[in-house]
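For the protein sequence lines, the chains are A, B and C, in the order given.
So for the first sequence, the working numbering puts the first residue at 141; every next one is plus one.
So for the second sequence, the working numbering puts the first residue at 38; every next one is plus one.
So for the third sequence, the working numbering puts the first residue at 37; every next one is plus one.
The hints are simulated quantities; they were obtained by calculation from the structure and are not laboratory data.
Treat the hints with care, as some may be off.
[Said to hold, decoys possible] Chain A stretches covered by chain B per the calculated footprint, using a threshold of three residues with CB under 8 angstroms from any CB of chain B:
# : region
1 : 160 to 167
2 : 536 to 544
3 : 675 to 689
4 : 786 to 797
5 : 818 to 830
[To be verified] Derived Cβ-Cβ restraints for the label pairs, each shown as a range:
#  : chain 1 : residue 1 : chain 2 : residue 2 : range
6  : B       : 159       : C       : 114       : 14 to 22 angstroms
7  : C       : 294       : A       : 280       : 29 to 37 angstroms
8  : C       : 267       : A       : 573       : 30 to 38 angstroms
9  : A       : 567       : C       : 68        : 45 to 53 angstroms
10 : B       : 162       : A       : 206       : 54 to 62 angstroms
We put the beta carbon where it would ideally sit given N, CA and C, even for glycine.
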Amino acid sequence: MSPAAAPAPTASPRFVRADGPDKVTGSGRYTADLTLTGCLAAKFRYAGVAHARIRRLDVSAARSMPGVFAVLTADDVPDVRYGPFVKDRTLFARDVVRFEGEIIAAVAAVDAATAQRAADAIVVEFEALPVVNDIEAALQTGSPLVHEGWSGYEAADPMVRDRNDATSSTITRGDVDAALAAADIVVKGRYVADGCHAAPIEPRSVVAQWEGNKVTIWTSTQVPFDARSGVCETLGLPASRVRVIVPHLGGGFGGKCGFHFEAHVAALARATRRPVRLVFSRREEFLAPDRRREGIVYEFETGALRDGTIVGHRVWLAIDNGAYTSDSGFFAQMAAMHALGPYQVPNIRAEAHLVYTNHQPSGSVRAPTAPQSCWALESHLDELANALGIDPVELRRRNAVRTGGTGPTGQTYGEIGLLDCIDAATAAVGYGQPLPDDEAIGVAVGWWPSFAAPSGVFVKVDGDGSGQIITGAQECGTGAVMTLRQLVADELGMAADDFELVYQDTSAAPYDMGATGSQTLFNNGRAAIAAAGQIADQLRRLAADRLEAAVDDIVLEGGRASVRGTPSAGVAIADLAAEAAGGELLIAHGSGLPPSAPVIEGATCIGDVGVAAWIAPQFSCHAVRVKVDRETGVVRVLHVGAAHDSGTIINPVGAEGQVQGAVLMGIGQALTEGTVYDEAGHQRNAGLLEYKLQTCADAPEIDIHFVQIPTPDAGPRGAKGLAEAPNVATAAAIANAIAKVSGRVRQLPMTAERVWRTGVGA
Amino acid sequence: MSDRLDITLRVNGTEYPVSVEMHRNLLSVIRTEVGLTGTKEGCDDCECGACMVLVDGQPVNSCSYLAAQAQGREVTTVEGLMPTDGLHPLQRNILDEGGVQCGYCTPGMLVSASALLARCPSPTDEDIRIGLSGNLCRCTGYAKIIAAVQRTAAEG
Amino acid sequence: MSFTIASTLDDALAALAAGARPIAGGSDLVVGARHGKAPLPGQLVAIDRIAELRGVCATDSGVAIGALTSHGELESNALICDRWSALADGCALVGSPATRHVGTIGGNVMNASPAMDTGAPLVVLGAEVELRSQRGSRHVTAADLWTGPGRTSAAADELCTVVHLPDQGARSGSAYLRLEYRRAMEIAIVGAAASVSLADDGTVACASVALTAVAPTILAVTGLDTLVGMPVAAAAAAARAAASEQARPISDLRASDDYRRHAVGVMAGRAIEAAARRAAGESIPVPLNRSTGIGAAWSSTGAAS
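Put together the whole structure using the sequences plus the hints.
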């Protein structure tokens, strides 16, 4: 196939992303592709041990090496503790290291090899401290403390802290003890989920350059404004002197949320008066960020009536917070919500602990706490269904939340489509049809919030009739930012291609929370429509003058403004733009008020971080057919039915891509992806050979169904979020399928060896 | 003895005389001395395929191939796939099908796909899955990438 | 430091005699150096352009495989697929298409990894490795070549030039299977190759089994003469038991020792069955893992999709 033989491009009605040509030609620049004249290379010296007191730290040899420009330690930066929920972290270790990937020193040198040699030449002497390696043991009285000084840390109000318990959350409603006592059947279950990783294919990179007293930082972050805040807080700078720019971002999945290494590199650049670039290796990408998907231990107790009505549900869970509290401060309550699930259970008690250990810090990875909690709960409910002798899907239909119904925390729902999701997903894979005896279909339901947040967009239309959307939103690959062009164009009767996106620059655009919480379209879409609406009003006024008609009668459509009912007599929007260019410019800003949180009734929340009731909740059902090789425990996923109520789907191609990618990630979480720690608290599989992502050869057939119904309090055009929700239920559905063939596996990931051991009863 | 070698690399039809350390991998020389950054580093370990290039038409993980080994051979990167006046059919189809999200695996994926279609112009679904199995993608679940290769093959 | 490109075998042997290390594809060397296994040698001689070391050539007594023949060439070579199927099964499972293009049989053999997918096939197929140096040439069996993980009995100046596989005789077949957690980009957790010859009555006339990743080197299962005369199913069961018993696996990140011990038996039994089917004339596509094994592309109809 020679390039010359390329057929003529065919017009496609499908969504083609604005950043697509950059990405397919190799011309798009990611952070590691940038270089600046005089740029130095940064390397970190990591603790390498999980828990120790620093007895001696000597950087003199490293500093005096030829080609080394700076070696920084805690002594060289402001003594600031930071953290969004608990201020328990410093840029560089002070006195104590608490996980193997903790940074002790940072080096800037003429090239990466020199920087690495200097980092290796730093002398550190440790006094070993006992390694807190087990979540449950860490909660015992008498456990060694990860933070001796925990009680002195500043923390957000809802944090309920006690020694290694970074926070806990309790949600109660009704009388669970009485309900369990009165139930016809009570089932108990314990499940353990190992941690795992976001593992974006781009390892992160940061470039920083000072000009005068201002620093510009190019970084592979999902949340440029958060990154900026972190730099400001830790280096003592006002936001007006810190500009964060994100070149193309090579995926994140939550792993690049939060503030990470921007301040270290900025500090190196300031100390050396040179631009400095940090590029992570894959191993560093595994070990150093405070964004691992958290391991969780669950204990469930659920009571039901003979007819399958669940009357009481109790869960205790403990989350591996790792050594520091990143954005994990909301995980306890969020995990509790997912361990309760989208069920109408009147009597509940959920108790969740976020527990310090000497592991890599946990943090938001795609639907944090949800896939593993859904896996545990849905495994447990299949065991309940078996005990009741009821079909598991029927059990879910009977108890699932529904329109007008009330969820476990007392939130009453408007129009929701969970029951439709169950129908669609099970139908997609032929649930109930006979299968070979080594195959089975498992089903699980899940849910995930939409997040309301402030967000802003500027829109302008220039004299030639083309325009720019200048947004604080961050594109991490999902296409959510790309979709803004269509939203704006639709408001203005223009074409998406008329607009350029200017994005990922904190000094150019208004605030947005970033590519986190599936919130981009929900909030930034609202802002973009608001901004476009102002331009539309301006265009209508100009057109009304030209066409001698009432403003309210002007319709913007197909690149023209015309009077309603007489589309032929109109004026090109480009002509109006040209007119505006000589007068009042077409410039607008939009934000819009985020919807307010729904109320809950009857539930008592301790450690309430505000996630016990959800705006525009999303619902899903995944039904998965698997084949199990009983002799080896190897599981192959054959067919997935994924049905989602994520509100209106604005960009179907992008939405399908989110589901397909999330399902494959879910298969990895289910079968092959799990962090393995040794007894000393080291990750044993910090590389892509031993931490196995699913390959193209492993991807199953996936049937996707979107349940699109009118949703109260949704985002633009009735959209909810989407990118995280399809990651919730896959592993759970796989678990329930495996259990039917070879028994219940109570640890995630359900590796071949674990499946085999379950099957042989070992 | 110096550990530097003066070698000439031929990349996308252009010759680049470069002076590199003997142990430098082809990836870093392409990205630094040659100055083409479309080829990405994802793992430096032959595990992810983001660094895939063609050497004499065959796919090679450039992270684990010495630059010195490429002397006298024709290296093709993603930048060399496209005709001067537009996109290679694979590039166009992967966009049309929605097979690009973050884009970081895309260059390597396109290189592997072009090698696959060169040796197997009418691949089965399984041929495509195995042919692209050395290229990890975390975003797409591969479905739309497979569709793009199928479509390109169907267009001939 | 030196890097030379040899264009003839004599050039390469001279460089080796002068202390250089050979590099063909280089993947194992480069990745190994990065992981701190061994630093890259200061003197390298690139042997990948020596045409005489590449290709598959039928001989009077079998087949001669040039050391530079890639896994990709072997997995698609009709002769190898048809008559030395186990080797093709193994080659087709190595890494990715790129790895299979760059990786060579000679590099594999001299790297001496106990987890290499070509190792067990070479043992059951009775491979002999030809080593050349300026001092002369010699043949060693694969089993005698490998002395430990990453270690061979070859001298530093010896280059692997040819891998010889003898004819397998009428009504014989071979197969290689491995345990893998995903369908591609795997390293064998365990694996087993089998070679089977059938008597006219369909019973086993001769069988051999070798195991991957359960000992410091590829492990040839002994005592299989008891399989002679057995129906295939019984022979498979016996091979399975013998493999599990003789395996000396370790526990590591990829699997525990008892799981490996169990699974290698499963692989051995399945390899015997598949080899016997091939011996009986059935055509089972290469690689076995993806046509009938645990990595098969099962579709809703049960057929490979």
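Status of the hints after comparison with the structure:
| no. | hint | verdict |
| --- | --- | --- |
| 1 | 160 to 167 | holds (count 8) |
| 2 | 536 to 544 | violated (count 0) |
| 3 | 675 to 689 | violated (count 0) |
| 4 | 786 to 797 | holds (count 4) |
| 5 | 818 to 830 | holds (count 3) |
| 6 | 159/B to 114/C: 14 to 22 angstroms | holds (19 angstroms) |
| 7 | 294/C to 280/A: 29 to 37 angstroms | holds (31 angstroms) |
| 8 | 267/C to 573/A: 30 to 38 angstroms | holds (36 angstroms) |
| 9 | 567/A to 68/C: 45 to 53 angstroms | holds (51 angstroms) |
| 10 | 162/B to 206/A: 54 to 62 angstroms | holds (56 angstroms) |
Comparing the model with each numbered hint stated earlier shows that hints 2, 3 do not hold.
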